[in-house]
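Trainee: Chains as they are written, first to last, in our numbering: chain A, 1 to 277; chain B, 1001 to 1334.
A few of these clues could be false.
In silico DSBU-like cross-links for lysine-lysine, where the CA-CA straight-line distance does not exceed 30 Å [to be verified]:
1. B:K1252 <-> A:K55
2. B:K1027 <-> B:K1014
3. B:K1037 <-> B:K1170
4. A:K272 <-> A:K111
5. A:K41 <-> A:K111
6. B:K1212 <-> A:K267
7. A:K55 <-> B:K1106
8. A:K41 <-> A:K113
9. A:K267 <-> B:K1106
10. B:K1051 <-> B:K1027
11. B:K1082 <-> B:K1177
12. B:K1106 <-> A:K41
13. B:K1170 <-> B:K1193
14. B:K1252 <-> A:K22
15. B:K1212 <-> A:K217
16. B:K1014 <-> B:K1050
17. B:K1106 <-> A:K272
18. B:K1082 <-> A:K55
19. B:K1228 <-> B:K1050
20. B:K1026 <-> B:K1315
21. B:K1050 <-> B:K1026
22. A:K11 <-> A:K78
23. B:K1051 <-> B:K1228
24. A:K11 <-> B:K1252
25. B:K1148 <-> B:K1172
26. A:K272 <-> B:K1212
27. B:K1027 <-> B:K1148
28. B:K1199 <-> B:K1026
29. A:K272 <-> B:K1284
30. B:K1284 <-> A:K267
31. A:K14 <-> B:K1252
32. B:K1148 <-> B:K1106
33. A:K78 <-> B:K1252
34. A:K69 <-> A:K55
35. B:K1212 <-> B:K1106
36. B:K1106 <-> B:K1170
37. B:K1082 <-> B:K1106
38. B:K1284 <-> A:K217
Just so you know, the hints here were simulated from the structure itself, not pulled from any lab data.
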Amino acid sequence: MRNPYLPLPMKLVKNFTETSDKLIHTFTLEFLSQEDAENFKYAPGQFAEVMVYGKGEAPFGIASSPTEKGILKFSVAKVGVVSTALHMLEEGTIVGVRGPLGNSYPLEQLKGKSLTIIGGGFAFTTLRSTIQYILDPANRGDYGDLTVIYGARNPGLLLYKDELAAWDARPDINLITTIDREVEGWTGRVGFIPTVTKEVAPKSDYAIICGPPVMIKFTLPVLVECGFTPDRIIMSLENRMKCGIGMCGRCNVGSKYVCKDGPVFTKEQLDKLPNEY
Amino acid sequence: MIINKNEIAGILTKLAEEYRVIAPVKKDGLVQYAAIKNGEEACLDYANTKKPGKEILFPQSEELFNYTVSAEGVRMQDNVDKEATIVFGMRPCDVKSLVLLDNVFKNDQYTDVYYLTRRANTLIVGLGCNEPASTCFCTSMACGPFAKEGSDIFLTDLGETYFIEGISDKGKELLAKLGLSAASEEQKAAAAKLQTETKADGSINIEGLAEKLGGMFEHPFWDSLHEKCLGCAACTYLCPTCHCFDIADEAKDCEGCRVRNWDACMFPLFTLHGSGHNPRPGGKARWRQRLMHKFNYFVERYNATACVGCGRCIKNCPVNLDIRQALAEVRALD
Ligand SMILES: Cc1cc2nc3c(=O)[nH]c(=O)nc-3n(C[C@H](O)[C@H](O)[C@H](O)COP(=O)(O)OP(=O)(O)OC[C@H]3O[C@@H](n4cnc5c(N)ncnc54)[C@H](O)[C@@H]3O)c2cc1C
Ligand code: SF4
Ligand code: SF4
Ligand code: FES
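Build out the structure end to end from the sequences listed, making use of the hints.
Mentor: Spelled out as structure tokens, the structure:
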């Protein structure tokens, strides 16, 4: 019997301050053993429990793509015990990782389809994984047009600035970044995500959306207006979690456990569940 | 088979040489489960234990593993408990609750090694209830004072003697080793009569209840139900089928351990997000979750009701909220 509570040891190789307010850091972790690296098979959209020895563990979406071998990346907001402890870790420290946990974006099913990916705030992390995966030369041909709408309050809060620039330079992705209010030097769009989505009026086979509850609430009707049926809108939930394996009873929405049956659901699936997330 | 009550203590003492024997004992003014060495300690003359039988396989607080961190790396020590155990004299409702918990601690993807290893190494001797308490309603809940589901061996109290049945292969094997005498036809008949005629409150009808609750998430019924509730979670901690837990690390310098502790959906922090958003912000949402989980969500997931009618939540609620009444009210709604 494999014990799903035991974390794998990983080495923190990079602790990078991602945003201008310093509240979000991106951590790059390396597997200590080759065997663990090979066994840890994940897909974009999955998450893991990251453990700081002596402090505890917390769930974070995996920000790296399976195409980036041997490492895992997490972008973490400083909000409480574990996230603050993580922020203070020195490079070289050993941390524990349990996972991969949960389901993933249905990338097999999405093959051959055009996609609109919409992200708000730091919930963009697992979307980075998805985009990076699709843009990998080995996979790009499997997918159609790719539109990404990504918003943050101000330019300093955008994650993965280097990558955004690199993506923007590519012809095979239509990247739209937006910020809430006019700022000097900003050449992208200005406006909230629902508004921008309405202006862009994306036409794709599927939409994937991840962000804070308010943003989701106001963007969904826009997507419906744009013609996305509920089975073609894919979302990711973030209920509070502990076990991550469907046992501690914490993260349920109706009879579903977000940690195990999710975190990825279609709007069609969520419409059948109680509105408690 | 049959055994005189005055022989029980001797047998338990002997079994305790080979097994960890856990039985109800009188301690600190309560009847509670404890490991015993001397069979005299066992107290089989009890209505039900204060804390539910789940604590034997899923302790209230349990160290899962411990670790030492050094410059060389991390050394981990896993604490899976493999000791061969006999639980003696557990009431049928508590035994049934373990059958329900089995669904939770093993799913299609993950196995809780701590619970399941104990489960696999534990033999359960169930004990029927001749006099169910006024708060017992197991007869309503696909259980009953003489329900044998989950027991390896089952005892029926005939006054001076216990009528003993081997239920599972594991139970029959142990009984064969004990070399007990056979029951007379009279004793068999007396046991059969007790087993069929003893009933607890059976007035709550759960047929169709799950479906009905399924359409009631937004119903005004939930608005007032919770009003007296203090949110103390006594009902959930003492419920044999409630299984929610918290995971926390306890550490000092470079040594630490990970513990899991019972937790409960009746607490506001249970679902509080880091962002401050709480999907179940008030008592209404929490009482609804408790009832829905037991009588709708669990049914959808595992095809069984997560209540065995033990009555602990009724007996121990400081403001006398009665889950039977809540169910009756749901029933009565159009
Ligand atoms: C599937 C999933 C993916 C996620 N992905 C990411 C991600 O990629 N990046 C990211 O940054 N976050 C992510 N999160 C959120 C992240 O899990 C939480 O922010 C994280 O658990 C915080 O852990 P912590 O130990 O730092 O906070 P905790 O110390 O647990 O505190 C979190 C918050 O809970 C409250 N709280 C906790 N305990 C108490 C208490 N005793 N009293 C009062 N209030 C309390 C406080 O509001 C506190 O700010 C994800 C969550 C899920 C479920
Ligand atoms: S025991 Fe009673 S008061 Fe306490 S949480 Fe349960 S219902 Fe509420
Ligand atoms: S809900 Fe109440 S009566 Fe039912 S099993 Fe739990 S404690 Fe016992
Ligand atoms: S986190 Fe434990 S059940 Fe989902």
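Trainee: Take the hints in turn and mark each one as holding or not.
Mentor: Right, here's what the structure says about each hint:
1. Under the criterion of a C-alpha separation no larger than 30 Å, the hint pairing K1252 (chain B) with K55 (chain A) is consistent with the structure, at around 10 Å.
2. Simply put, K1027 (chain B) and K1014 (chain B) have alpha-carbon atoms about 22 Å apart, close enough for the 30 Å limit, and the pair holds.
3. Of the pairs offered as hints, the one joining K1037 (chain B) and K1170 (chain B) holds, with about 22 Å between alpha carbons and a cut-off of 30 Å not exceeded.
4. The straight-line distance between the Cα atoms of K272 (chain A) and K111 (chain A) is roughly 26 Å, inside the 30 Å bound, and the hint therefore holds.
5. For the given pair, K41 (chain A) sits about 20 Å from K111 (chain A) by alpha-carbon distance, which is consistent with the 30 Å threshold.
6. A C-alpha spacing of about 24 Å is found between K1212 (chain B) and K267 (chain A), which places the hinted pair at or below 30 Å, so the restraint holds.
7. The straight-line distance between the Cα atoms of K55 (chain A) and K1106 (chain B) is roughly 28 Å, inside the 30 Å bound, and the hint therefore holds.
8. A distance of roughly 24 Å separates the Cα atoms of K41 (chain A) and K113 (chain A); the hinted pair therefore holds under the 30 Å criterion.
9. For the suggested pair K267 (chain A) and K1106 (chain B), the alpha carbons sit about 29 Å apart, so the restraint of at most 30 Å is met.
10. A threshold of 30 Å between alpha carbons decides the hint, and for K1051 (chain B) with K1027 (chain B) the separation of about 12 Å falls inside it, so the pair holds.
11. Simply put, K1082 (chain B) and K1177 (chain B) have alpha-carbon atoms about 22 Å apart, close enough for the 30 Å limit, and the pair holds.
12. At roughly 22 Å between alpha-carbon atoms, K1106 (chain B) and K41 (chain A) fall within 30 Å of each other, so this suggested pair holds.
13. For the suggested pair K1170 (chain B) and K1193 (chain B), the alpha carbons sit about 26 Å apart, so the restraint of at most 30 Å is met.
14. As the CA atoms of K1252 (chain B) and K22 (chain A) are separated by approximately 29 Å, the hinted pair is consistent with the 30 Å bound.
15. The suggested pairing of K1212 (chain B) with K217 (chain A) holds, with an alpha-carbon distance near 29 Å, which does not exceed 30 Å.
16. Pair hint K1014 (chain B) plus K1050 (chain B) holds up; C-alpha atoms about 27 Å apart against a cutoff of 30 Å.
17. Proposed proximity of K1106 (chain B) and K272 (chain A) is supported: the alpha carbons are some 26 Å apart, at most 30 Å.
18. Simply put, K1082 (chain B) and K55 (chain A) have alpha-carbon atoms about 28 Å apart, close enough for the 30 Å limit, and the pair holds.
19. For the given pair, K1228 (chain B) sits about 23 Å from K1050 (chain B) by alpha-carbon distance, which is consistent with the 30 Å threshold.
20. Simply put, K1026 (chain B) and K1315 (chain B) have alpha-carbon atoms about 19 Å apart, close enough for the 30 Å limit, and the pair holds.
21. Distance check on the hinted pair: K1050 (chain B) and K1026 (chain B) sit about 11 Å apart at the alpha-carbon level, within 30 Å; holds.
22. Distance hint between K11 (chain A) and K78 (chain A) is fulfilled; the C-alpha atoms sit about 20 Å from each other, no more than 30 Å.
23. Taken as a hint, the K1051 (chain B) and K1228 (chain B) pair is honoured in the structure, with Cα atoms around 23 Å apart against an allowance of 30 Å.
24. Taken as a hint, the K11 (chain A) and K1252 (chain B) pair is honoured in the structure, with Cα atoms around 21 Å apart against an allowance of 30 Å.
25. For the given pair, K1148 (chain B) sits about 14 Å from K1172 (chain B) by alpha-carbon distance, which is consistent with the 30 Å threshold.
26. Restraint check for K272 (chain A) and K1212 (chain B): the C-alpha separation of about 15 Å stays at or below 30 Å, so the hint holds.
27. Restraint check: the Cα-Cα separation between K1027 (chain B) and K1148 (chain B) comes to about 27 Å, which is no more than 30 Å; the hinted pair holds.
28. Our distance criterion of 30 Å between C-alpha atoms is met by K1199 (chain B) and K1026 (chain B), whose separation comes to about 26 Å.
29. Only pairs whose Cα atoms come within 30 Å are accepted, and K272 (chain A) paired with K1284 (chain B) is accepted, the gap being roughly 21 Å.
30. The hinted pair formed by K1284 (chain B) and K267 (chain A) meets the criterion: a straight-line CA distance of about 26 Å does not exceed 30 Å.
31. For the given pair, K14 (chain A) sits about 26 Å from K1252 (chain B) by alpha-carbon distance, which is consistent with the 30 Å threshold.
32. Among the hinted pairs, K1148 (chain B) with K1106 (chain B) is consistent with the structure: their alpha-carbon atoms are about 22 Å apart, no more than 30 Å.
33. The hinted pair formed by K78 (chain A) and K1252 (chain B) meets the criterion: a straight-line CA distance of about 23 Å does not exceed 30 Å.
34. Proposed proximity of K69 (chain A) and K55 (chain A) is supported: the alpha carbons are some 28 Å apart, at most 30 Å.
35. A threshold of 30 Å between alpha carbons decides the hint, and for K1212 (chain B) with K1106 (chain B) the separation of about 28 Å falls inside it, so the pair holds.
36. Taking the CA atoms of K1106 (chain B) and K1170 (chain B), the gap is about 21 Å. The hint holds against a cut of 30 Å.
37. About 17 Å separates the Cα atoms of K1082 (chain B) and K1106 (chain B), which keeps this hinted pair within 30 Å; it holds.
38. Between K1284 (chain B) and K217 (chain A), the direct Cα distance comes to roughly 23 Å. Compliance with the 30 Å bound is thereby established for this hinted pair.
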